[in-house]
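We have chain R already, so just place chain P on it with the hints.
Chains as they are written, first to last, in this note's numbering: chain R, 11 to 482; chain P, -3 to 352.
Hints may contain errors.
Label pairs and their calculated CB-CB ranges [what the hints assert, rightly or not]: (1) R:Pro136 x P:Pro38: 49 to 55 Å; (2) R:Leu421 x P:Gln33: 33 to 39 Å; (3) P:Ala16 x R:Arg138: 40 to 46 Å; (4) R:Gly411 x P:Val36: 18 to 24 Å.
The set of hints was computed from the structure by calculation and includes no laboratory data.
Here a beta-carbon is modelled for each residue, glycine too, at the ideal position from N, C-alpha and C.
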Amino acid sequence: MSTQTPLQREPHDRVGAARIELTRSRWLRATLRSRAFQPALMLVMLFFFVAAVLAGLVGTPAGNHNFAIVFVWIVWWALLIVVMVPFFGRMWCTICPIPGPGEWLQRRGVVRRTPGRLRSLGWRWPHRLRNIWLQNAGFLALALFSAIVLTRPDVTAWLLLGMVLLGVVLSVFYDNRVFCRYVCPVGGFIGLYSLTSTIELRVKDTRVCMDHATKDCVIGTPQSYGCPWMVFPGNLGRDAYCGLCTECLKACPKDNIALNLRPFGADLLVAKGRRLDEAYKALIMLSCALLYSAVLLGPWGWIKDWANMATFAGWTTYAAGFLAIAVLGVPGVFWLIALAARTAAGVAVPIRRLFVDLAYSLVPLGLTGWIAFTAGFVLVNGTYAVSVLSDPFGWGWDLFGTRSVPWRPILTEVVTVTQVALLLVGLAYSVVVAYRIARQQTASEAQAWRGTLPVSGFLCAVTLTFLWLYLG
Amino acid sequence: MTERPTRTAGRTRGEIVALAALVVILVGFPAGVLLYQFVVRPAVADVRTIDLLARVPETGGITPETIKVAAGEPVRLRVSVPDVTHGIAIGPGLALDLGHVDPGQVKEVRVTFERPGRYTVYCNVWCSPNHWRMRSTILVYDPARPDAALPSDAPDPVIESLAARHVDLDAPHEAPAVPARPFASERGARVVDRLGPALPADLARPEWRRRHSPAQAWARLVAAGLARDEAWDAVAHLWVGALDGARLEAVATLFRKNCAACHGESGDGRGPGAAALAAQGIGQHGGAAAPKKPAAFTRAGSMLGGTSELYYAKVRRGGMGTGMPSWGPVLTRDETWMLVDYLWTLQFRPARAPRV
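So that you can see chain R by itself, here it is in the shape it has in the complex (with noise of 0.2 Å):
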């Protein structure tokens, strides 16, 4: 079996070229190059999110009746990965409230350019920690977590302040969006996820930014503050850490920023930017789709009562178990199917790089895994939001009329073929990304082919696992 080195990664990775500037919309650029922009719909989310700690520290402790937990971990998490990140990447970024007070202390206004460099201490965020790993590790911690997290409306209020308070603190020392960028647990799939999406902002060309000195996109100018998430845009290739604030929009003087409309998908196939991080983060969210499916869907009660912390030692039973297969048991499948791909294509690449890069194939499935979870319990939990906005803190309020609205679950008879056929499609777009980035690694479409069998087989397990938890 012949060897190939791997192939010169160049930028056309990027599928196709069709793109649409959406940014060529007059309106549409005027709106997003002014400065209320950002501030208008965070203060918006930032009411939702005053309205969802006030109800989870003072409201009914029923999570089914109170506006934390119905407005935060079912509507708005329904929002977020059914449309916001599939289609708008990270426009949840955009107008997420959790960062605004640190950012509005550390910039000294909400809308305004203030003159002069940010207020903070200035320090450098350590070199080892400019990686999503603080993410994975906080998504985790997170998950061990979330059967007491996702129904008790007091545990999400703090959760939701100390994320604030994180926040500040971390803006009193470093300068712009640490938080979002590196620590905020949410904010890591996002970015990953985000790969899928169908709005990219890009540069228009990228000789313009390279010939452009004084580089106002990350610096600033005196009507918009340099990039928060420490990103050139000149070099920007993926979606993964812009947060779509529009800073660069409002910076640019040369008029070189576009959002753009693009492909679903189009960054998965970008070579460039491949980290072990990200991949471990594919193979986590992965993870704990199935292991959320079964922990919070399935009919085993003991694994609820451990997850619930019915008693400690279930729980860190529970703990063990969660952590061992997301971090060492599925990461650990997946090397010796990135060992068995590159056996199969004979190819000499480094295992590492075979493993990192085969990871992104798992994002397609892993997004639609996570969208058929959410629509198990969202169609069935829903309809409590109906009575939950007339009643946010359960205290017998009727603001709209609607609180003796009943819980009924809705379409359920659709629920198992929505979850079937997302999966279906999730694997399918998978197994397409995964010999994709094959081909990238191999000088022949057999060879590619040849690689992409053992994924395909990975892929089509973890359907079949997900197919078993739903269908029964």
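Leaving out everything else, chain P in the frame of chain R:
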């Protein structure tokens, strides 16, 4: 030169608007919500609202534990439930049952307690192993004499009488004899008709029957010359033959809601709560080898040796050292007698043959 001041002013205005919005969201909104809920809402309510939080007893039960209300004062009781489905009712003698209250649900009832007394808010849905502890008290006082003793605190004459006679409510009362075949109160009716004046006069008096056990009545009938089985049938007729069907139907609901969880729907002592009590070790006292189980009203040996007033007293006082709660604060005396009558029907008109 003319444009810049305008833009600066615009940004300043925007900043002021944003800061104002920030203050409203972070301070005004929470303050407004709390002010409305805890100050404005009670102030503008047409009647006083009393909030009751009903949780399983393991996490607090019904709070507040005691509420004081003036007789004749209309109040709104607002019950919210955070954990599991409860059934909230208020007794005695009010026929006030809010039905099931599901987690997160808020149910309200406007009520006026006309007479001073001690009322009990209780749960009538099996909600947890300690379900029977789930109660709170409403003290309804006479506004003219707020410190006067409440009428319902007056001693119960039946229980007083039993105490005066040194009747130990908790002592075993096994019947010396039990029927060999299922009861047939219709056949017993014919036996009683046939006896006519020969029926011992005491047995015909309801007061006597309340103070004496069926086993004692059976012994009198056997002594009067009846065959053993005939005597049991006659006893069955005397104890349940004249009971009013409609009243029994009403009290059957009372039994199902409040008693069946432990004693079972059929009264066989095998309700779902029985196992929970045993698991908690409730009833394990006095050096007993095994926990005392909920009474089986279908069991002839223990049932036929007891008297109506004994069961009346047990229901109202509760079982000492057992899981049997005190129902005196929940049921009227009349309801308690009806309940005792219903217990006899479980023995004398069982769905299955009586357990010996």
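Outcome of the hint check:
At about 54 Å, the beta-carbon gap between Pro136 (chain R) and Pro38 (chain P) stays in the expected band of 49 to 55 Å. Separated by about 35 Å at the C-beta atoms, Leu421 (chain R) and Gln33 (chain P) satisfy the suggested range of 33 to 39 Å. Between Ala16 (chain P) and Arg138 (chain R) the beta carbon distance is about 43 Å. The supplied range of 40 to 46 Å therefore holds. Range check, Gly411 (chain R) to Val36 (chain P): Cβ separation about 20 Å, and the 18 to 24 Å hint holds.
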